[in-house]
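**Q** In case you want the letters, here they are:
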Amino acid sequence: MQKLDYLKETPSQTAGPYVHIGLAPGAAGFDIYSQELGWDIAGPNAKGERIRVEGIVIDGTGSPVKDVMLEAWQANADGIYAHGEHAGEVEEGFRGWGRVITDFNTGEWGFDTIKPGPVPARGLMTGVRPAEEEEMQDAYGRGHAGLRAMAPHINLWIVARGINIGLNTRVYFSDEEEANAHDPVLNIIEWERRRQTLITKRSERDGQVVYRFDIKLQGEDETVFFDI
Amino acid sequence: MKPGEFYQRDRRWHPAAYDKDYKTSVTRSPQYALISLQNSMSEITGPVFGHNDIDPIDNDLILNYAKPGESPIGERIIVHGRVLDENARPVPNTLVEIWQANAGGRYRHKKDTYLAPIDPNFGGCGRTLTDENGYYFFRTVKPGAYPWRNWVNDWRPAHIHVSVFGSGFAQRLITQMYFEGDPLIETCPIVNTIKDKAAIGQLIAPLDRNATIPLDTIAYKFDIVLRGRRSTLFENRLEGN
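Line by line, the protein sequences give chains A and B.
If you count the first sequence from 1, position 132 lands on 131 in numbering that gives the first Met the number 0, and the numbers rise without skipping.
If you count the second sequence from 1, position 202 lands on 201 in numbering that gives the first Met the number 0, and the numbers rise without skipping.
FYI, nobody ran anything at the bench for these hints, they're computed from the structure.
Hints may contain errors.
In silico DSSO-like links for lysine-lysine, alpha-carbon gap of 27 Å or less [unchecked claim]:
#1 A:Lys7 - B:Lys194
#2 A:Lys65 - B:Lys196
#3 A:Lys65 - B:Lys19
#4 B:Lys194 - A:Lys2
#5 B:Lys19 - B:Lys66
#6 B:Lys19 - A:Lys215
Go ahead and model the full structure; you've got the sequences and the hints to work with.
**A** Shown next as structure tokens:
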């Protein structure tokens, strides 16, 4: 038999406890780069609602994990990603990507950004036009080709000591109830109860909109993680 | 051209989340199965970096933290290679970031209290963009092995941490590069979170005598493979299909 000539993906390894040296050296305790990357997701010109997303990562014993690095990837307020393959323009300075680390003492993390708009769902992306205006999604991931948009969400990638391969999850918003109900990704999670682990609670603090997103790596109310 | 999806990740090739011999993974590994997502725009796109984001010296760890006229102590090495996808196509203009301990196995990190000393001329991080052919290189010193609290007498092999982006967020990868011939590789619980010997082999950089600079710097070659992308031939179904 012939051999398939694909290469194999380089296998993942943990980022380890000193990930900050490479990806956030200021936090490790030294200044080396003229600018660190990932501290400003949206930039000053981005339109849309300014929000803060914050939380804590909790391990299987219920303890905060204090050496995590999280990266966010999101669209702008019009639902456009800052990437050549997504048609449309984003505001100057809008990168859509951010990088934060947890506080060494408390485990708290947070980033300031804008609330993203709805992004086209799979069907539209691949050129399939919706056969009907609204097509519902079943619990096994079938039939979502006709859906027009995903609910507003931020994609998160989480690495740390003890995490052998980065964990992918999504942040959805509690004040987008209608869009969340029709989101094709939330709807492939068969257990409705687990969908709640991805929906952040909106609150206000000193006039600022804050969404709380605690991530539970393991155990009761474990956060949903995706194989993307 | 319509953007295509990434090939499914082979999660038997990668380490599993839970591995009892790497103790920290025991309480940091999800117990529920991952939910599989077919790629949407959210996974196919990813951050774009340019030469404005970094400085030319950022890939030279021998210079980027040294005092003028001084340099770090250790074996001077070049680490170079290509970033490719599973179709063996180069991944151009992508950000590669590295970090490592110094020649004595000590990290410049406020949480590292190992008794081996800090090198005043060595920071331990670097970054670069691949060129149009997917090629990258760094200059650094070879890191030392260091002990860690796992089993009583565990030592990490010499390694360099490597972070790569690719063109889509689904390609995001962090891994570790090891050095040809290091006897610590075989016994390391972190290396052995990977169960396939061939997969471990993919993390071991061979000595590359062709890239050595005579009487100056020795070289290791480390190619990185990111997920490949589907052709979109059968994705573009016609309206009404």
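**Q** Next, verify each hint and record whether it holds.
**A** Hint by hint, here is what the structure shows:
1. A:Lys7 - B:Lys194: The given pair, whose Cα atoms are some 14 Å apart, holds under the 27 Å limit.
2. A:Lys65 - B:Lys196: violated, 32 Å
3. A:Lys65 - B:Lys19: holds, 21 Å
4. B:Lys194 - A:Lys2: holds, 22 Å
5. B:Lys19 - B:Lys66: Not OK: Lys19 of chain B and Lys66 of chain B at ~43 Å, beyond 27 Å, violated.
6. B:Lys19 - A:Lys215: Between Lys19 of chain B and Lys215 of chain A the Cα gap is close to 19 Å, so the pair holds against 27 Å.
Figure legend: structure checked against the earlier numbered hints; hints not met, in rising order: 2 and 5.
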